[in-house]
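Number of protein chains: 6
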Amino acid sequence: MLKANVETFLGCDCPADEARTVLFGAPFDSTTSFRPGTRFGPSAIRHESFGVETYSPYQDRDLEDAHVLDVGDLELCFGSAEKALGDIEAQTEEILDAGKRPFLLGGEHLVTLGAMRAVAGRYPDLHIIHLDAHADLRDDYLGANLSHACVIRRCWDIVGDGRIFQFGIRSGERAEFAWGRDHVTTQKFNLEGLGKTVEALAGKPVYFTLDLDVLDPSVFPGTGTPEAGGISFEALRTAITLICSKLNIVACDVNELAPTLDPSGVSTAVACKVVREMLLAFPDY
Amino acid sequence: MLKANVETFLGCDCPADEARTVLFGAPFDSTTSFRPGTRFGPSAIRHESFGVETYSPYQDRDLEDAHVLDVGDLELCFGSAEKALGDIEAQTEEILDAGKRPFLLGGEHLVTLGAMRAVAGRYPDLHIIHLDAHADLRDDYLGANLSHACVIRRCWDIVGDGRIFQFGIRSGERAEFAWGRDHVTTQKFNLEGLGKTVEALAGKPVYFTLDLDVLDPSVFPGTGTPEAGGISFEALRTAITLICSKLNIVACDVNELAPTLDPSGVSTAVACKVVREMLLAFPDY
Amino acid sequence: MLKANVETFLGCDCPADEARTVLFGAPFDSTTSFRPGTRFGPSAIRHESFGVETYSPYQDRDLEDAHVLDVGDLELCFGSAEKALGDIEAQTEEILDAGKRPFLLGGEHLVTLGAMRAVAGRYPDLHIIHLDAHADLRDDYLGANLSHACVIRRCWDIVGDGRIFQFGIRSGERAEFAWGRDHVTTQKFNLEGLGKTVEALAGKPVYFTLDLDVLDPSVFPGTGTPEAGGISFEALRTAITLICSKLNIVACDVNELAPTLDPSGVSTAVACKVVREMLLAFPDY
Amino acid sequence: MLKANVETFLGCDCPADEARTVLFGAPFDSTTSFRPGTRFGPSAIRHESFGVETYSPYQDRDLEDAHVLDVGDLELCFGSAEKALGDIEAQTEEILDAGKRPFLLGGEHLVTLGAMRAVAGRYPDLHIIHLDAHADLRDDYLGANLSHACVIRRCWDIVGDGRIFQFGIRSGERAEFAWGRDHVTTQKFNLEGLGKTVEALAGKPVYFTLDLDVLDPSVFPGTGTPEAGGISFEALRTAITLICSKLNIVACDVNELAPTLDPSGVSTAVACKVVREMLLAFPDY
Amino acid sequence: MLKANVETFLGCDCPADEARTVLFGAPFDSTTSFRPGTRFGPSAIRHESFGVETYSPYQDRDLEDAHVLDVGDLELCFGSAEKALGDIEAQTEEILDAGKRPFLLGGEHLVTLGAMRAVAGRYPDLHIIHLDAHADLRDDYLGANLSHACVIRRCWDIVGDGRIFQFGIRSGERAEFAWGRDHVTTQKFNLEGLGKTVEALAGKPVYFTLDLDVLDPSVFPGTGTPEAGGISFEALRTAITLICSKLNIVACDVNELAPTLDPSGVSTAVACKVVREMLLAFPDY
Amino acid sequence: MLKANVETFLGCDCPADEARTVLFGAPFDSTTSFRPGTRFGPSAIRHESFGVETYSPYQDRDLEDAHVLDVGDLELCFGSAEKALGDIEAQTEEILDAGKRPFLLGGEHLVTLGAMRAVAGRYPDLHIIHLDAHADLRDDYLGANLSHACVIRRCWDIVGDGRIFQFGIRSGERAEFAWGRDHVTTQKFNLEGLGKTVEALAGKPVYFTLDLDVLDPSVFPGTGTPEAGGISFEALRTAITLICSKLNIVACDVNELAPTLDPSGVSTAVACKVVREMLLAFPDY
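Residue numbers (our numbering), protein chains in the order written: chain F, -8 to 276; chain Z, -8 to 276; chain P, -8 to 276; chain A, -8 to 276; chain S, -8 to 276; chain D, -8 to 276.
Honestly, I wouldn't trust all of these hints.
No copy is singled out in the list; a pair is fine if it fits within one copy or between any two copies.
The calculated lysine-lysine pairs, modelled on DSS-like cross-linking and capped at a C-alpha distance of 30 Å, are [as the list claims (entries may be wrong)]:
| id | residue 1 | residue 2 |
| --- | --- | --- |
| 1 | K74 | K91 |
| 2 | K187 | K237 |
| 3 | K(-6) | K237 |
| 4 | K(-6) | K74 |
| 5 | K91 | K(-6) |
| 6 | K237 | K91 |
| 7 | K237 | K179 |
None of these hints come from the bench; they were simulated from the model.
Assemble the whole structure, with the sequences as input and the hints as a guide.
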């Protein structure tokens, strides 16, 4: 039977009514100040996912058994962060309305704000777990307050003090770190204390935002602003399994893959494996 | 409404029952002897087609008005040319059975043989127009007779003398040129005589096979075996418009784009434009 | 004597009070819809200019004799086209105030609008010569009216009918071409008629905007949206020499080099040579 | 004296009658399902070996003292795995007939099967040590049973249960792991237990097959299917020294380097060092 | 105010009379025997430094408070090592004359010799700390004694026995290691003993030369001769902080970044961070 | 029979005593001022020659009938132009002593001088045909008189006025062009007048030096200093056939391919075809 070509992330073509998690891409990088290219992240993850297996020997689970639907990339307006965020928020709303978990693939980290706006409206008690190399706590950047460098600060505008838990942070302005001390919980350089945070947030609604540059650039070179001194793949794999299996993740995102900066393809392969392990770790996979 | 991601060549998502031409990809390059990578050609053409416009100022026609469906890539067995050709033949049969024109995107040139087998079975009077840098007339290559270097010879096995018209040929073994003189019509180096050939074949069923390396490597660097001294884009554009608008093209293919050898992306962009112009040139577009 | 490192385009370090032309860069590509990277254009042109000679055997003139100052790149806000355009306009104003000719290096084509706003304020009779592959006449693009794809339409908002002369255009929506017929003069595909246009505009103030993708991608692959079928380097060289030597060019720009898409460096080299030839062609060089 | 150019792996031009180990390359990757390019592995290793020293500070031995001859690459038929394996088997036979140790450079992992067939015929008690990221235990892959993804299963067809010892495996189908539990010894993720295996196999004839993707992609990005979570260079170096110095290695191979996916060249450099350390570790070096 | 474009390493535009450290580049790689490209190192470090922050969360110091001036790259004669070294020596002299600390950015490692000649003339008791993958102790290389492979041997010609302390060395000829045992202190493979060396050299004038290939290629792929088995970024970061903060560093250099071999840009990013951390660690920063 | 691997340019493994032309490589680029990499030219040409056919449909001749031996690359000292030139001269002498025609593959253009010194000593009446984008007539460059930018001037030192005929020149200092007018015959931009020059030099001993950057960068991007506005492949092919078939070419060279700047491989493919056509054009092929 002849029909239009369907392309989804590996094994994520579950019928809409059975899906529990919905993947969608936000190919946006207009506020990226240094090296753009994360706009190509979601389609690269989708396209290259066929290089990994559906089965995880770590979790002994298989995407063939999972309930995930990949609805593809949004068509976003370049040059207007506000419009793009509006479209991301609307898509997130639609997924939440359908009773499913939104799983957003960026794009630059600013896309998180679009999803967060939708999610925070439904979960007044929302908490955020944030893995990243960069604090992203600036109030504005070169005159813009909708910038990748400000995204967690904008999330704080919504959720307020004591709700944001950062790990792996190793880069930022002096002022960001100073401001952060009073408003968010920041673990510099590594993931120490993550276990305790997971215990403390048990049962609460959690938005999990993963900037892949938390990984060391040796593991994940394909990103706009690589920061030496990051965590290993094994550390990240253990952390995401813990977070996604033990917490009530109401929405999540994975972002900052820039395939154009990844000529060997290893970063895209890492991103695919991270997405697979997250999808398989959800209790309702 | 949430549904699985659909990706087609630009504007080619016509409902199946209205489609007149059906695009499909054969991501196969196992017999490529020099530099592989054409397996990535069809998906690159599909993916990058969004960088060209649907409208052609050359023909004043628009893909938005065309009746084309892109059904995606076959999943082919690597390492067995015979199995891969069987799958291509079957897909071509299905499209012909549906009363539509098959438009195959390669892959290496050998994929033509799969489509040809299906088409030749229905059109005993089939003729072939072949644009290429290479004669592809070897009887075998390193012991294999199913090889990209033998594909037109294999087509000749089916259609016989006097049915094959080659243009742009500028590379081959001494023996290929010698053999060719008795069995096919070969225009070396350029497209001279194409107009007369088109006149002569008027009304007859024609399979049109386009190896993009007929273009000069300055225009189309992204191919496994670049051969300096090829034709210009404008020469090719004029030729394909002539062939597709004036002849009874019952099936066709475009092949030998190797995106991995095209870091600037210009070759993929050329391939997209070539496909667009061919699709728009068909009288029944 | 120890002093901070100065870097300018080859030979363009004339003292400010002697300079007649002032080069500046606008490293902006936030509205680029397909493949970003032109933000790196101005610094690549500056940095790689040392690969060309100061002397032009075409014009028998030497940059060592020219009166040009390169003041470097603006620091622009990413993610807000309006803010970026404001900064470009301000810089252009400053150069005009000093009685010098602004020469802007993009960046994506939208940057032209910033410079145009400043120039048009001073020259009510301003005309525009526009060399490009793309018409850039959309009224909006994906919801944004400040987009690279709309830039000439925005210029038309300022100067009105009969003032814009386009050459080399070979891509656009059907609607753009239709709209253009009533409002601008468009030469499709090539530069025919340029000589007459130059004669007709003799003595009038002219803004010259050059999108380098007017060149064929074989000559200039390093750009976001390559369009096969463009003009040759020799055609462009002759045209820019004519335009810059015969007309009253009150400001100009050269844009759309994306060095990240130019791994061999040939596109940057072409851009450097184009800038050199333009600088040397001005009667008051 | 003028003579035809000789190129061998660094320092491996020992006269044939004195050689104890014979290097040869099998530039084959036709069954590679994801990203081809390992066909260029052997020549890259040979060509880039001049970037490493002949002396190993780890073992305090020098290739200048070793007895190794590099006879170059086979010319293999692309598109027919069976023919290619036959040629590899024949070359291995010839080396064994000459009383020397075959050392095969791939190519994709399937090439191992050609060498194994020759070796197993002479050593009925043959055991296999297999370092890899992938289990390679499928019975067939997309309809082919001669596929890189099936190579260890095909070796098992020859040697049977209890003879194959896998280490570092971190990717495969669910079914492969299940089958493997009954037929081979698999150490997942790392090299634990290698010391005991080496003790247990003391004195027995061993074929050592090394798929370089057992290394973490940070160390070895240049391979078709990178799998995050692999072993470090130091872990591999220690292991190969142990295996080659303590066991009776009757033949061995190193495969899956894809230089086209290694733009910085680090993977080729790793491969060269691995080959050097293996060659120097043999007791009869 | 219009003035010629100034470009310096991030935040290093301190007025000359206030500067305590002076950065300068030596873009030279003529004696590189394997893969050239380090000539582009200094400008890449300068240009890409805007991707890192001025603030170090490791040291809680900020380049905005530092007293550093970047005077740019020397224009060196290619093809004559002696002339190039003379120019480097002269620049170093000028900086020393001004009472400032020279901080040289290479280029290949041979550039160290130019700076060393100037420094050794002023500090008869000079010691050298040398971090590198390669011993660089050859007396000559392919007939040249001014070669990157001989640079530490040439330094030894000046300072003599017992003054040079090498760490991380994992590559060299057998003869180099043998010679080194009698003349320099070499720690193979890692940085063990660095703490004791720093204690022993307290108060003495020290030249610190850092060949970035001491890092593992996974961390720093962008160098001419990558050597697997190197140290981690964290090990290097700790070491340079110790060396620069505890010792009397009278001059230093960082070399062997080859940006052309670093398509993802991670190596340049590492180099920028290393330079930042060194600049901030000096007691008089 | 096991023997060390032999690698030659396609089909050029003629026994030494039967060879009429001897190919050898000079992998040297130490004086290259802009972008190095031509050192990899000769081995790339040799290695990639297997992508072209032995048969030329242009000349209807086949390398299988030719008498050519490829003796491989010299091992040259980097960092000393004088030593490298000495080795090239010695190799050229040896070939001339054997009564064969030296055919040198560069490398940067300076290598010509080594061969020229040997040849000029035997042919007092030697003339030079020089195809290039650059005049190469500087007396010194950045203080060095042995530089790629001076090579034809150095040849003039040997042969004197009226013996050198340049074609295609489109770049140089003002002073070079001025000097050249009195001492050499320079055809700017194209090959006009080549036919007459060939007639005039009939029977005289001629050294033919071909800098491949005479080609337009669209045809030949892989070179250190690309200069837009060059000649087409067809123009070059015709010219080299004329020169090599009609003149008494006593030695020749082809240089300035930089494979590292040629990611698509088209430039190497062009160089291979140029070498093949030259070898087949010699009357005594």
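Quick rundown of the hints versus the structure:
{"no.": "1", "hint": "K74 <-> K91", "in the structure": "within (24 Å within a copy, 38 Å between copies)"}
{"no.": "2", "hint": "K187 <-> K237", "in the structure": "within (12 Å within a copy, 37 Å between copies)"}
{"no.": "3", "hint": "K(-6) <-> K237", "in the structure": "between (40 Å within a copy, 29 Å between copies)"}
{"no.": "4", "hint": "K(-6) <-> K74", "in the structure": "between (33 Å within a copy, 23 Å between copies)"}
{"no.": "5", "hint": "K91 <-> K(-6)", "in the structure": "both (27 Å within a copy, 13 Å between copies)"}
{"no.": "6", "hint": "K237 <-> K91", "in the structure": "within (18 Å within a copy, 53 Å between copies)"}
{"no.": "7", "hint": "K237 <-> K179", "in the structure": "both (23 Å within a copy, 25 Å between copies)"}
Comparing the model with each earlier hint shows no violations; every hint is respected.
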